[in-house]
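Engineer: Dock chain P against chain C, hints included.
So the chains spell out like this:
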Amino acid sequence: MDYFVQQLINGLSLGAIYGLIAIGYTMVYGIIGMINFAHGEIYMIGAFVALITFLAIGALGITWVPLALLLMLAASMLFTSVYGWTVERIAYRPLRSSPRLAPLISAIGMSIFLQNYMQILQGARSKPLQPILPGNLTLMDGAVSVSYVRLATIVLTLLLMVGFTILINRTSLGRAQRACEQDKKMAGLLGVNVDRIISLTFVMGAALAAVAGMMVLLIYGVIDFYIGFLAGVKSFTAAVLGGVGSLPGAMLGGVVIGLIEAFWSGYVGSEWKDVATFTLLVLVLIFRPTGLLGRPEIEKV
Amino acid sequence: MTMPSHTASAAVPTNRAVDWPGTLRDAGLAAFVALLLTLPLVGLRTIDRPTGLGIEARPDEVIASIVLVFLGRLGLGLIRQNLALPVLVLALACAGVGLVLPMPTQVLRLVLVAGGGIIALRAAITLTTGRSKLSQAERDRRMDRVAVQVQHATRYIAPVAIIGAAILPLTPIADRQILDIGILLLTYIMLGWGLNIVVGLAGLLDLGYVAFYAVGAYSYALLAHYFGLSFWVCLPLAGLLAALSGVLLGFPVLRLRGDYFAIVTLGFGEIIRIILVNWYQFTGGPNGISGIPRPSFFGIADFTRTPSEGMAAFHELFGLEFSSLHRIVFLYYLILALALVVNLFTLRVRKLPLGRAWEALREDEIASASLGINRTNMKLAAFAIAAMFGGFAGSFFATRQGFISPESFTFIESAIILAIVVLGGMGSQIGVVVATLLVIGLPEAFRELADYRMLAFGMGMVVIMLWRPRGLLAHRDPTILLHGGRKPQAQNAGAAR
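Top to bottom, those sequences are chains C and P.
Each residue of the first sequence is one higher than the one before, starting from 1 at the first, in the working numbering.
Each residue of the second sequence is one higher than the one before, starting from 1 at the first, in the working numbering.
Simulated from the structure, these hints should not be mistaken for lab results.
A few of these clues could be false.
[What the hints assert, rightly or not] Computed footprint of chain P on chain C; a stretch qualifies when at least three of its residues, placed anywhere within it, have a C-beta under 8 Å from a C-beta of chain P: (1) 121-135; (2) 161-169; (3) 263-276.
[Stated by the list, open to error] Ranges of calculated distance between the beta carbons of each label pair, as one might list FRET restraints: (4) P59/P - R89/C: 20 to 30 Å; (5) P59/P - L67/C: 44 to 54 Å; (6) I173/P - K185/C: 37 to 47 Å; (7) V247/P - F287/C: 34 to 44 Å; (8) L85/P - R125/C: 14 to 24 Å; (9) F446/P - D183/C: 24 to 34 Å; (10) R49/P - F287/C: 45 to 55 Å.
[To be verified] Computed far set for chain C versus chain P, every beta-carbon distance over 10 Å: (11) L69; (12) A102; (13) L151; (14) T279.
No residue lacks a Cβ here, since even glycine has one placed at the ideal position from N, Cα and C.
Okay, chain C solo, but in the shape it has when bound (with noise of 0.2 Å):
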């Protein structure tokens, strides 16, 4: 019982991290319709951006830890953002209007040129940092430890799902995207600026996907340029998962995957974790291919 909740609070944590990631991709794949394959790299620099505030705000001599924190998370939000932005602008804005498969190979290209930027710019070797917040809470008369970090990145998680979803319903932003959703051509006939809200879409995801990375940090406290492709893949299984498109679903995808992932660790072993996600796809696809919480796409001819 107590490995079980220990592997609960892994999972949760891990498929915090993944949902953060998955909405990303989910919105992206709502509005504009591709896969943003840079979007693993977008998480991947939102953790390096969170390592060297890290280590800038340590140089300058801040030592509070809860100031620091606030320090990493704003700036990794800031400038990934800035790093989401830019690569809509340039590698899909012009694509708009092109084959399917156009955006897509565009997006490829961007996500190795992101790595191959990374590893030339701050080494290819992983990059390791002490515990920023070490601590464990220990529950059922210390037969579970929960690392502070975990918890924080579940409770950080959950804010940040309560605030997303009240941008989404109850802001004019979050209703300006919806619509474009729906129907881009129509939105922007209402006066709606569809490429505004698509940058808009892409910066919302790159800011969540940067607190993923700087969660990803604080937890495993190791990262290196390469870490954006299988986060990025299994997120995006996380989003088909709960539903592309849906914003409960992605969030509910990466738990599933998160918890799979700790259990399948914790009862099987470490090895085949990522074939029992892969495999788990495949299956979903295969018997619900809308995903658990996506509406059905009726095709026209």
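Structural biologist: For chain P alone, coordinates are given in the frame of chain C:
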């Protein structure tokens, strides 16, 4: 065909006053974005210290990139407002200064030369074509005409290219390095042609083609390792096994559409790789398999000085001096033949009901289903055949390298092969060759640039897609027309659509 170009030039404002504040603001905005982009990642570098990670500031590089972006954006803005000539002169002056005068850092020199060069090139193009910016559609039509011309010229180019490739090893320039690059290029051309069957003909987006390449390579390596089978026995077996795995994967997922299909194939590619890594008792895990036997001369002769039991030595059989180059030349011809088989297959199958069904499925799935085409079987056939060719290429790769490990079969390989197909123009056989020369040949030629190679590779993919979203030599003529109507006029009209 003159109408569109006329309207395009009329759309350009003539002799309007230069909008300085707007242009400057635009350039300033771009520079600000550049500042935000470069500040954390370019300006601050992590360095490994004995005590842990340290950090180091590089303000000069940040400033250099901001200046580059500002001037570049300004230059482009001015070119658009009929100031191409002064911009050209200034940009050339910048590049010249960067080349000649001593610079404090290499970065600054690079910024001046590369930035000045690109802007100068842009300005020069504008001056020579007399138009500041072609519309996307107009540019596309022009490239379509080029594509059609190339497609027509292929009739004459292709035999020349094939004969050229065939006599290359006999010419004096063919040293080890040239032949190795030739083999590499031909391998990718073969993979590109194989994937073209799935992507270009059947219109299925396969992001995991490397899985079949891996299946082929490991089939040969493992069969040779455990059963001591020779290359010539294993080649068909590897193709068969790869085709089988294609059917196994294809059967459940071919019902999926578009991007879902793409992501499942990607997942499948990763699964294969993870199995290869983790099943180390059988596949050797991350260490791979080494000592894979080299191919013999059709089972008759060996390419070694001292052949094994029951084999003749190749050089003795033909009365030649022993040379280690013989094997390379043989491998070169082998992959050339394999690649040509794939090409021939594609060219012929397009004229068969099977190939026409694929093209119909690519254009409109529902329409072809209502015409009685069995979608799943057709797609499965495309998938299995492409997988088989991937398997052939894989076992060739294994025997050439003599060593394989899962590292050779990562997603990036799939992405490169897909990029070759899409950049060349989906469905275009000659496009695959051109794109391979670009994608594999160019980076190979600049091998000493090491890390920057892949950086440029990624950027190149983006740039080509922006410049020509449908691929360099894309064109979609129906392979067979009714009433034998193969007039070039009709094709032109079809392509310019």
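Engineer: Output the numbers, in ascending order, of every earlier hint that fails for this structure.
Structural biologist: Going through the list in order, the structure violates hints 2, 5, 6, 7, 8, 9, 12, 14 and respects the others.
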